[in-house]
Amino acid sequence: KAGVTQTPRYLIKTRGQQVTLSCSPISGHRSVSWYQQTPGQGLQFLFEYFSETQRNKGNFPGRFSGRQFSNSRSEMNVSTLELGDSALYLCASSLATSGVTGELFFGEGSRLTVL
Amino acid sequence: AQSVAQPEDQVNVAEGNPLTVKCTYSVSGNPYLFWYVQYPNRGLQFLLKYITGDNLVKGSYGFEAEFNKSQTSFHLKKPSALVSDSALYFCAVRDMINTPLVFGKGTRLSVIA
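From first to last, the protein sequence lines are chains E and X.
Per our numbering, the first sequence starts with residue 1, numbered consecutively.
Per our numbering, the second sequence starts with residue 1, numbered consecutively.
Just to be clear, a hint being listed does not mean it is correct.
Subject to a maximum C-alpha distance of 30 Å in a straight line, what follows is the list of computed DSS-like cross-link-like pairs (lysine-lysine) [to be verified]:
#1 E:Lys57 to X:Lys69
#2 X:Lys49 to X:Lys22
#3 E:Lys13 to X:Lys105
#4 E:Lys13 to X:Lys22
Simulated from the structure, these hints should not be mistaken for laboratory data.
Please read all numbers here as calculations on a predicted model, not as lab measurements.
Please put together the full structure from these sequences, using the hints given.
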């Protein structure tokens with residue numbers, strides 16, 4: 001079974017640009033979560049999508065947005081990039097019925113560098 | 001709101017010695033606790049979880065964790081460390097259905113040969 005696939009793995013942007021990151025979950029997984037990882041802050045929750053609906057949202061500005069498609073694939077977008085947006089963006093999927101007990105399965109991440 | 005604390009940014013241990021990576025949590029309901037490991041330039045890999053039952057949970061690669069409700073802790077342990085265990089370890093908690101998994105800031109484990 002294929003794991004969670006994130007594209008692109010690495011990208012470099014300049015301040016003010018926008019970026020779109022893509023995530024394909026494990027087959028059969030309907031929940032997709034996004035996290036931002038930085039050395040100082042650890043993993044911070046961005047948002048979670050389930051059946052094309054945003055189920056939870058973290059404390060990030062409106063420049064960060066996402067969506068989920070009918071095939072459970074998800075994208076996140078960051079507009080008007082700032083230097084502080086440089087981070088590893090991790091996508092994770094889980095089974096719909098996992099509730100509180102199910103673990104997340106992570107992709108390898110998209111490393112964004114903003115210059 | 002739930003939270004997790006990993007009090008040590010870095011843990012150093014000699015190969016063959018036992019290792020402990022500490023985690024404490026704060027939740028309003030019952031805690032559901034997880035440990036993940038991250039190797040360089042990789043995503044997080046699931047190690048083990050505590051849901052209910054036995055306070056000692058066994059997981060992948062010989063790791064185990066002990067749940068202590070009175071101390072609100074969930075420390076990760078391994079009887080004999082390997083150099084290949086060197087990585088970044090994250091503790092995480094969730095206490096309610098359909099809420100995000102909240103992670104600690106991570107502890108970097110360095111096993112020295």
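The hints, checked one at a time:
Taken as a hint, the Lys57 (chain E) and Lys69 (chain X) pair is honoured in the structure, with Cα atoms around 29 Å apart against an allowance of 30 Å. For the hint linking Lys49 (chain X) to Lys22 (chain X), the alpha-carbon distance of about 15 Å falls within 30 Å, and the restraint holds. Restraint check: the Cα-Cα separation between Lys13 (chain E) and Lys105 (chain X) comes to about 26 Å, which is no more than 30 Å; the hinted pair holds. Taking the CA atoms of Lys13 (chain E) and Lys22 (chain X), the gap is about 37 Å. The hint is violated against a cut of 30 Å.
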